[in-house]
Amino acid sequence: MARIGVFICHCGENISATVDVAKVAEEAAKMPGVAYAMDYKYMCSDPGQTKIIEAIKEHKLTGIVVGACSPRMHEATFRKAAEKGGINPFLCEIANLREQVSWVHPRTEATTRKAIDIVRTIVNKVSKDTPLFPIKVPVTKTALVIGGGIAGIQAALDIANAGHQVIMVEKSPSIGGHMSQLSETFPTLDCSQCILTPRMVEVAQHPNITLHTFAEVESVSGFVGNFDVKVRLKARSVDMSKCTGCGTCWQKCPSKKIPDEFNAGLSYRTAIYSPFPQAVPNKPVIDRANCNYFQKGKCGICKKVCPAGAIDYEMEDEIIDIKVGAIVTATGFDIKHTDFFPEYGYGEFKDVIDGLQFERLASASGPTSGEIRRPSDGKIPEKIVFLACSGSRDKAKGIEYCSKICCMYTAKHAMLYKHKHHEGNAYVFYMDIRSAGKNYDEFVRRAIEEDDVHYIRGRVSRIYEKDGKLIVKGVDTLMNAEPVEIEADMVVLATAVVANPDAESVAQKMHISYDKHHFFAEAHPKLRPVETNTAGIMLAGACQTAKDIPDTVSQASAAASKIMGLFSSDEMTREPVVAVVNRCMPPLFTTCTGCLLCLEVCPYHAIEREEIKDRRTGEILKVAAKVNAGLCQGCGTCVAFCRNKSIDLQGFSNQQMLSEVVALLNKPF
Amino acid sequence: MIICSIQLIFFCIKRQLNRFNIEIVHESIETKPGNSLKSRLEESVGVIVSHCYQCGKCTAGCPLNEDMDIKPNQVLRMLQAELPGYEDKLLSSLSIWLCLACDTCYSRCPQEVKLSQVMDFLRQESVRQNKVNPKAKDILSFHKAFLETIEKNGKLNEVWLTLNYKLKTLNMIQDVQKAPSMFFKGKLNPIPSRIQHVKEMEKIFQRISENEGGDK
Amino acid sequence: MSEFEPKIVAFVCNWCTYAGADLAGTSRTQYASNVRIVRFPCTGRIDFMLLMKAFENGADGVIVSGCHPNDCHYTSGNFHARRRWIVFRSILDLIGFDTDRITFSWVSAAEGKKWANLVDEVTDKIKAKGPFTDLDKLDGVQLKELYDEAITK
Amino acid sequence: MKVGFYPGCSLEGSSKEYSKSLFAVSEKCGITLEEIKDWSCCGASAAHSLNHDLSIALPARTLALAEKQGLSEIVIPCAACYGRLAASQQAILNDKAILEKTEKYIDMAFTGNVQLLTVFEFLQKYIFPVADQYIVDKLNQKTACYYGCLLARPKDLTKLERPENPMEMEKVMEKAGATPIDWAFKTECCGAGFSMSRTDLVAKLSGRILEDAAERGADSIIVACPMCHSNLDLRRPEIKKQLKKDINIPVLFITQALGLSMGISAKELGLDKHFVPTGKAVSCIVKKEA
Amino acid sequence: MKLLQNKVAELFENGTINLMIGFKEALTKQPVPCFIEKASEIEQLIYTKDCKNNLSVYLHKPEVKQAGKIGILANIATLRALVQLTSENQFWDIEKTVLTVNDKEEVIVFSDMEEVEAYVQANFPEFSEEDLKLLDYLESLSREDRWKYWTEQFSACIKCYACRAVCPMCYCPQCTVECNQPQWIKTSAQTTGNLEWHIMRAMHLAGRCINCGECGRICPVGIPVHLLTVKMNQDLFKEFGTKSGFALKGDYALNSFKPDDKEGFIK
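Protein chains in written order, with our numbering: chain F, 8 to 676; chain P, 5 to 220; chain S, 21 to 173; chain Y, 8 to 297; chain L, 166 to 432.
It is worth saying that the hints were derived from the structure and are not from the lab. Note that beta-carbon positions come from the ideal geometry of N, C-alpha and C, so glycine has one too. Warning: the hint list may mix true and false statements.
Claimed, not checked - Away from chain P, derived, C-beta distances all over 12 Å, residues of chain Y:
#1 24
#2 55
#3 141
#4 142
#5 145
#6 188
#7 189
#8 194
#9 196
#10 203
#11 212
#12 255
#13 286
#14 293
Unchecked claim - Examples of chain Y residues toward chain P, derived with CB under 7 Å:
#15 20
#16 45
#17 47
#18 53
#19 57
#20 60
#21 61
#22 64
#23 112
#24 113
#25 116
#26 120
#27 147
#28 156
#29 160
#30 162
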């Protein structure tokens with residue numbers, strides 16, 4: 008006979024404010040199989056846990072139910088306590104009384120009834136629980152880093168320096184990411200490339216890092232410690248082993264009018280190109296969509312001029328299979344472009360540019376060699392208007408969130424402009440200045456106080472072009488909402504930070520969650536900010552949400568350390584929530600019919616054919632299905648699929664699920 | 005023709021004297037918590053003023069921003085803050101009458117606040133509480149003349165409207181020079197065109213005014 | 021007589037809808053207390069037999085909810101579940117079972133609000149429909165009636 | 008082909024030429040416009056300024072009549088009327104309580120199954136497919152296509168592809184052989200309903216519009232709203248006073264311009280009814296080369 | 166008939182089979198199954214259009230399996246069953262020779278299952294018109310009337326499980342109704358339990374039923390149970406294009422999916 012203990016947590020007042028916790032404990036005590044019930048202010052606290060441990064011993068409990076917050080919060084805590092008390096941790100289950108009861112309902116009897124129902128359900132589940140024992144699986148001590156921006160670079164270097172193998176996959180021809188495009192960085196105004204390029208080179212030369220640029224992840228299968236990843240190495244059309252990076256090919260390439268991604272479309276590049284002079288690896292690729300040879304079938308100049316004979320038009324995409332134990336997702340972000348703003352001209356005014364374009368204009372390696380000139384006619388603008396919150400915090404445009412970095416980089420932009428043109432006028436339209444960060448607010452104040460940037464509080468309604476000027480119609484809400492009209496030479500929109508266009512499909516390949524803006528979801532917003540809900544996959548950088556460089560680097564290092572922890576032992580234990588095919592006495596052996604239709608259902612190919620043989624004669628007595636516990640992830644799809652219930656899922660067994668349903672019902676809600 | 009016009013003027017004056025009061029009931033409403041201007045607005049129009057975060061984009065784009073005594077974003081600000089005196093100030097402002105309902109504000113509003121509906125509501129409240137700004141009397145008179153005209157005729161006749169409006173404002177000279185040329189271009193039709201079932205029209209007005217009486 | 025309070029059982033997956041319901045809690049989004057959640061690892065684990073058992077044991081409505089297509093934590097559990105639901109609905113439809121009492125939905129971990137709305141909507145719908153009594157009327161008398169009928173023939 | 012038609016008050020009075028030209032163009036293209044019997048005024052800005060229920064009930068009466076008449080689609084050339092009718096229909100269909108209330112007011116059933124067409128939608132759907140065979144002349148001039156507010160806003164009612172810089176009218180003008188100019192005041196407000204009550208403001212707003220069109224070299228301004236037309240055409244003396252300069256660009260209705268390209272006479276299109284002489288626009292026209 | 170008997174005699178003679186499952190005449194119009202163990206008994210073997218039984222159901226019986234080499238005379242439904250069962254991995258321990266008589270009354274002895282598959286695919290039967298008519302009628306009813314119809318039907322069920330016994334696809338050594346931990350379905354013959362039993366049966370056979378109609382024919386209280394699975398097969402074909410008993414390499418709707426399966430019903 009089961010002896011179950013029920014422990015109801017008040018969670019301070021979080022639960023007790025709307026649920027009559029004493030009543031719940033009282034009712035629980037009456038439930039069949041319950042030997043002990045109590046309520047306490049903080050079950051998860053040390054004294055709370057001690058109470059559980061003592062109760063287990065004192066009342067000889069065989070299983071416990073904790074009515075508290077979501078099992079996603081403290082299941083592990085309480086299972087550990089149960090273990091300390093001397094019972095199998097899987098005989099401890101959580102009744103979710105906070106997230107799904109007290110926080111979502113008012114203080115009524117119905118709410119308390121719901122709490123009691125949930126406790127009863129879980130008591131019934133526990134009474135059908137069986138002890139389970141963790142499964143050990145080996146760990147492949149190689150990490151995959153997806154994305155070669157500053158986040159990926161930092162994570163890869165940290166893991167590699169700890170002595171583990173790292174494979175880095177970057178989709179563009181060079182690593183470096185958005186940071187390599189920036190001019191100076193706030194709040195120190197040090198040159199972005201100067202601090203980044205040494206890191207890039209280190210990645211390329213690190214003995215523990217294998218770098219695949221111009222490559223993308225095709226698929227991810229397997230599970231923590233044992234992921235199988237397919238990587239597509241896109242055809243570069245250039246043999247990396249022969250190419251010396253001399254540059255003859257791109258100097259001679261006749262297709263010269265392709266908008267240059269690195270310069271945010273402000274200049275042109277050739278069809279065979281290396282994105283920028285400090286690229287790593289600094290070897291070109293052919294952009295086949297824009298190459299005369301591939302599009303029209305004639306040209307072939309690069310092949311003729313290449314002194315190393317490295318050009319290979321026949322090259323094809325190659326898919327490689329790699330095995331890794333953990334993954335860092337550092338796929339970065341995108342920004343909205345000026346065509347996202349109808350009221351600012353649908354991107355049709357050349358001198359209305361976005362922040363990244365301004366970075367390129369201000370960068371010494373940019374198309375104007377660092378002179379700030381407007382794109383339409385190359386004139387140096389006398390008046391620049393910066394619009395913060397362009398698209399951010401704009402529900403109507405579908406982006407409610409703050410992009411976090413714009414306040415700072417707008418201040419930086421205005422400052423850079425003023426440093427280069429003391430006589431020029433810089434105006435910043437803003438709603439709020441969000442400059443929380445070390446030395447950040449001081450930086451903004453410097454722009455206002457020392458560099459004489461005019462900050463105007465108000466949003467701009469419209470921009471139109473007249474006689475080569477951009478008429479900016481704004482408002483000064485600090486001046487009795489006075490309408491403001493500025494005839495500007497150039498307008499810089501601090502456009503919203505958004506997820507990469509392919510973020511959704513990346514997330515789906517990895518089976519990680521993402522939010523409605525397609526930013527990847529962390530496992531817990533506060534306590535597990537670098538892990539995803541899929542064990543073994545970590546997040547770093549702006550693919551999770553808009554981030555500045557210091558935050559990105561911190562998160563990357565955190566992700567790396569999570570992985571180093573994972574790699575610190577040769578084996579890892581997995582939860583024994585796995586499917587099992589039943590066994591019984593001969594001549595039946597198992598009720599499984601051996602139809603093997605479930606083999607197709609399993610997403611992990613964890614089910615295999617098993618021949619049950621006579622030990623002496625070797626004669627096949629029965630063919631049945633068998634679950635490989637090492638591969639099984641415990642989804643239970645096979646369990647619901649099996650016609651005659653021959654497979655069951657440990658921890659979510661048929662008996663448990665059915666008794667939960669029965670316990671819930673048969674009485675008024 | 006002349007007789008016709010005289011008849012028309014005569015008729016208008018008569019109507020002006022025993023004016024039928026369309027749906028406009030003057031009354032004063034006490035400001036109680038839960039019955040504030042804001043809560044009534046949110047209830048009847050469904051615009052939530054707290055959505056506005058005062059970026060000022062509405063004012064920046066408003067075609068008449070310079071002429072408004074209270075700027076569009078400030079209208080919302082006053083509704084949000086609900087400080088003593090704001091309500092009176094709002095209802096007796098000129099701005100609410102200057103709003104052209106061009107919807108430029110709403111079409112660019114990042115928080116999707118339907119400001120033109122707020123303005124409609126405030127106008128109706130202003131009339132109801134008899135707080136119309138003196139400078140807006142002409143605009144109000146025009147609106148009233150317009151509605152009276154269609155109540156009686158079902159559709160608009162510009163001569164009819166103009167005369168009615170001029171009688172209300174006693175501004176006889178304005179636009180007089182335009183009339184002859186419009187007339188000869190065939191744009192003015194002194195004989196009031198009417199819909200067939202004028203009675204239906206009156207009934208609609210009547211039912212609405214009865215229903216509103218019942219509501220309060 | 022107090023108002024009819026429907027009994028609704030929700031069969032949800034652990035990774036999306038259960039997390040979505042948790043999010044509704046963390047964001048303090050209020051919704052009808054008529055729902056009781058049963059947590060499964062995946063929608064693929066939800067046996068159609070359990071839905072029948074829920075009705076048999078007195079549920080007035082059932083919600084089945086999991087990850088959106090392509091978002092399944094286990095890659096394809098929800099796709100298999102979706103096929104099963106299609107087939108299950110068609111058999112119920114043939115038999116004339118009131119399929120309006122079963123609501124299928126996708127609620128992701130980010131959709132706390134959607135979860136709350138879903139529960140409210142289903143609660144209202146079932147309230148309007150009234151208690152589920154189709155099964156209550158079945159047992160007991162028919163066999164005897166049938167026997168009597170057979171005898172008289 | 009038959010399409011329902013709601014003229015609205017202005018098209019019977021001060022903007023007769025809009026109606027006249029629309030009929031001329033439709034007739035040319037074999038489209039018959041069937042007027043809603045006993046239609047009444049939409050209430051315009053007066054109704055929604057003073058009485059919310061009235062602003063829904065007045066258009067609803069006309070829409071209910073159209074339903075009774077069995078019209079499935081009606082074209083509403085006046086942008087203001089379109090705005091009121093569409094807003095009313097949307098409000099009723101979105102809220103059952105409003106539907107019930109309104110049906111009581113108008114004492115008629117309302118189903119909302121009449122589809123409302125703006126003048127652009129009408130041209131696009133019925134005139135465009137056949138227009139090419141009737142277009143014989145080229146307008147051969149720079150036109151400033153002016154939308155004003157009510158053709159462009161609110162965006163959920165007007166259904167324009169690019170509400171901040173719409174191109175629907177430009178497409179019509181290109182068809183008619185004109186060169187639409189790129190200008191900044193396409194969707195700025197002209198002062199609309201203040202024509203009579205605050206003529207000073209109308210002069211200011213319409214003045215800006217005319218000024219920009221003139222500075223960018225427009226030969227004509229094309230409109231599709233009677234209010235815009237009367238403010239830009241009729242209020243020229245006040246605008247002159249405001250700007251302290253005379254701008255004599257003629258203002259044509261979109262249907263007039265299209266009619267001209269189809270070889271319909273200026274008189275038939277009502278060009279003689281304008282205050283600003285339209286000769287300048289007509290004189291640019293050349294035969295379309297085959 | 167002689168032709169068939171000669172052929173089978175030949176098979177006995179050359180040792181290809183040592184048990185023949187076929188049909189013999191009965192008192193009723195419909196022939197009944199017979200088991201022939203020696204060549205001398207061959208004379209009773211017949212095949213007519215009225216041979217409707219699905220003999221493949223006997224292949225699951227241990228007594229039959231013990232015989233070793235089995236010959237089976239199959240109508241088209243039986244052939245489909247053999248194909249489906251092969252795809253479900255059920256014949257790993259059985260050596261069988263399949264015979265059929267085609268439209269031209271020719272006797273065909275299949276040399277392997279691939280030939281059976283090809284024959285089935287070439288002669289794939291339509292749904293019977295009678296069944297379709299009944300289904301159409303049911304569909305024309307209101308939901309409430311359908312519910313009434315079926316619950317009345319099921320109230321008559323006496324849980325004799327004849328439908329299961331006669332079904333070649335119901336070969337589980339232990340059926341879900343026999344599970345008692347947990348007890349999924351009430352064992353007594355009450356309407357709710359009966360309803361659950363039939364819904365479950367339909368679910369388990371959806372996409373696997375080969376439309377032999379045996380279950381409906383055998384039902385002692387005359388419930389048209391086969392309609393449930395016929396309808397399932399019809400819907401599955403409409404929805405996913407799958408056919409049961411059609412291919413050896415399975416084409417089962419419920420262990421596969423397409424990312425764009427319909428989901429209009431999902432909120």
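*Have a go at the residue 116 of chain Y hint: is there a Cβ in chain P nearer than 7 Å to its own Cβ?*
14 Å, violated
*asked:* Using the nearest Cβ pair, does residue 61 of chain Y come within less than 7 Å of chain P?
replied: 5 Å, holds
*Check the non-interface label on residue 188 of chain Y: least C-beta distance to chain P beyond 12 Å or not.*
21 Å, holds
*With 7 Å as the cut and Cβ atoms as the points, is residue 120 of chain Y at the interface with chain P?*
22 Å, violated
*If you take the shortest Cβ to Cβ gap from residue 64 of chain Y to chain P, is it below 7 Å?*
Constraint on residue 64 of chain Y satisfied, holds at 5 Å.
*Can we confirm that no CB of chain P comes within 12 Å of the CB of residue 141 of chain Y?*
Holds, since 27 Å exceeds 12 Å.
*Hint check: 7 Å Cβ-Cβ cutoff, residue 162 of chain Y to chain P*: Check passed: Cβ of residue 162 of chain Y comes within 6 Å of chain P, closer than 7 Å.
*Are residue 45 of chain Y and chain P close enough, Cβ to Cβ, to be under 7 Å, as the hint says?*
5 Å, holds
*Beyond 12 Å from chain P, beta-carbon-wise, is residue 142 of chain Y?*
Correct as stated: the minimum Cβ-Cβ distance to chain P is 28 Å, above 12 Å.
*Per the stated criterion, does the least C-beta distance between residue 194 of chain Y and chain P lie above 12 Å, as a non-interface residue requires?*
8 Å, violated
*Evaluation of the interface hint that places residue 113 of chain Y against chain P, nearest CB under 7 Å*: 6 Å, holds
_Assertion that residue 212 of chain Y lies outside the chain P interface [Cβ separation over 12 Å]_ = 6 Å, violated
When each numbered hint is compared with the structure, violations occur for hints 1, 2, 8, 9, 10, 11, 25, 26 and 27.
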